[in-house]
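Letter by letter, the chains look like this.
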Amino acid sequence: MYRTRAGTWGLTILAALVYFFLYAPILLMAVYSFNDSRLNITWQGFTWKWYLSLWQNAYVLEAMGNSLVVAVVSTLLSVVLGTTAAYGLYRFRLRTAKLLEGLIFIPLVVPDVVLGVSLLVLFVLAGISLGLHTIIIAHSVFGIAYVAVVVRARLAGLDPNLEQAAMDLGADWWTCFHRIVLPLILPGVVAGGLLAFTVSMDDFVVTFFTAGVGSTTLPLRIYSMLKLGISPEVNALSTILVVVIALLVLIAQLVLRRGANNQSNYVGKEW
Amino acid sequence: MKETDRAPAWFRSLMGTPPLLWLTIFLGIPLLLVVAISFTTRGTYGGVVYQFSLASYAMLLDPLYVGIMVRSLGMATVATLVCLLAGYPLAAYIAAAGPERRRWLLMLVIIPFCINFLIRTYAWMVLLRSEGLINSLLMATGLIESPLAMLYTPGAVLLGLVYIFLPFAVLPIYASLEKLDPHLVEAASDLGARGGQVLRRVVLPMAAPGIAAGALLTFIPSLGMFVVTDLMGGSRTMLVGNLIQNQFMAARNWQLGSAASVLLILMVLVGLGIYRRLFPAEGGMGDV
Chain A
260 MYRTRAGTWG LTILAALVYF FLYAPILLMA VYSFNDSRLN ITWQGFTWKW
310 YLSLWQNAYV LEAMGNSLVV AVVSTLLSVV LGTTAAYGLY RFRLRTAKLL
360 EGLIFIPLVV PDVVLGVSLL VLFVLAGISL GLHTIIIAHS VFGIAYVAVV
410 VRARLAGLDP NLEQAAMDLG ADWWTCFHRI VLPLILPGVV AGGLLAFTVS
460 MDDFVVTFFT AGVGSTTLPL RIYSMLKLGI SPEVNALSTI LVVVIALLVL
510 IAQLVLRRGA NNQSNYVGKE W
Chain B
-19 MKETDRAPAW FRSLMGTPPL LWLTIFLGIP LLLVVAISFT TRGTYGGVVY
31 QFSLASYAML LDPLYVGIMV RSLGMATVAT LVCLLAGYPL AAYIAAAGPE
81 RRRWLLMLVI IPFCINFLIR TYAWMVLLRS EGLINSLLMA TGLIESPLAM
131 LYTPGAVLLG LVYIFLPFAV LPIYASLEKL DPHLVEAASD LGARGGQVLR
181 RVVLPMAAPG IAAGALLTFI PSLGMFVVTD LMGGSRTMLV GNLIQNQFMA
231 ARNWQLGSAA SVLLILMVLV GLGIYRRLFP AEGGMGDV
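Which chain is which? The protein sequence lines are A and B, in order.
Using the working numbering, read the first sequence as starting at 260 and increasing by one per residue.
Using the working numbering, read the second sequence as starting at -19 and increasing by one per residue.
For the record, the hints were derived by calculation from the structure and aren't laboratory data.
We put the CB at the ideal spot given by N, CA and C, even for glycine.
One or more of the hints may lead you astray.
To be clear about the criterion: a stretch of chain A counts as covered by chain B if any three or more of its residues have a C-beta under 8 Å from a C-beta of chain B, and this derived list gives those stretches [to be verified]:
| # | stretch |
| --- | --- |
| 1 | 284 to 297 |
| 2 | 357 to 363 |
| 3 | 380 to 387 |
| 4 | 398 to 411 |
| 5 | 446 to 459 |
| 6 | 479 to 491 |
Work the whole structure out from these sequences, hints included.
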């Protein structure tokens, strides 16, 4: 694209600098998680002790459990409601289509802080006590949006003749939906569900406003640890999460690639 | 398909109604409540008195709050510009690589994109604080006598925003550059365009939708951000996100918090409107 040698070199150096900027702080944080000193400054020797004390930190483990419960339940809700919303919009001329489309679009553009406080207002005014259930509801709101968008993209590549054929052969609407349409859009449903799950595990802002006492999720726990100050335990926890994310991205990359090779001639596209 | 609208009513309502009800109750109504509360009166103990009032909006005209709004807009704008300036070369570099290398380079952008932003903020807190590595190194080399105050400054907030949202800018720019036909660039230079001209007259116009999408994806979340300011800005750098959070969690002035939320939504809508204006074809629901 850039044909001059100087241009290529310049671009390479700039790109290297940006990668350095992206990774240096994270790598340094990981290094310090093995430092045998409370302070993250001088190297005092290698240790696993921060990881061990993390393992014994009941708060962190409990928060992890809460995050998983919230993510699983809100993802299930999001998949069911998001898929039906996408199919309803794709297949029927719903009188409420404009409204539904708008509602799906809102979580994607409205800042999280506004989404969070608006739900807080609703729960307080309706007298609903805050807890895991309110976080689940909050996460389902943006989860539905993500699932609906991804499934809709998948539906756009669906051959309408397949449904027509199923019905001509006597299938009713429900049979046609769950025997023909659903298997065909399944990759989109799974991708949307994974997206909703990831965003739910990751969410801090909306959770911050909708969580109650005893419903601390992992990002909330990390935040309160950060508020208390720098500690090697936070380094250790962050390092574990970074490694997990990196591995998941790597696996996703390998799986998607195999998928792409296997079904390159398949109808529609996933992303 | 003509048959479609003859589906039985129960099936149509099964598909359309539950998500509509759910999102109306837990998204539409809450947002309307926020708008409504911004026009009510604040009770003596911070409760909501259902009486029409513009007091909260009048309060936002106070120089203190105007300052916060202007600072938020300024901070989000600068963060967006820096993200674009740093993100474009990286996106261009990735797009120019061969297919195999490209996949790995892209993955290296997606990994930080997926790491929780609290962790990424923390990584910089470790580096910037007065006993942090940067200050220790500078003092060890004798460049400075006493530690520089880097954490808890507006600069730290800007750095944090750029660090967090940079991948959001790179990915859409890359997506648009990847679609660019390299033959167009070749044709331009064969016809005598110099490097700068090719970039300005051929590549950038074609990449514009991606750049705009990257700008939007950086600008909107930067505008509403309160965590980075909270953790890296100390109490001195207050943005509209912090204002909203404070009014709802600490000060219990829902009216003011709601009015600030309405203003924030309006600012986002203006940004979105400009984007739609410039690129009417992009930004359909499926593209978001």
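Going down the list of hints, with the structure as the test:
no., hint, result
1, 284 to 297, "holds (count 5)"
2, 357 to 363, "holds (count 5)"
3, 380 to 387, "holds (count 3)"
4, 398 to 411, "holds (count 6)"
5, 446 to 459, "violated (count 1)"
6, 479 to 491, "holds (count 5)"
When the structure is compared with the earlier hints, a violation turns up for hint 5 alone.
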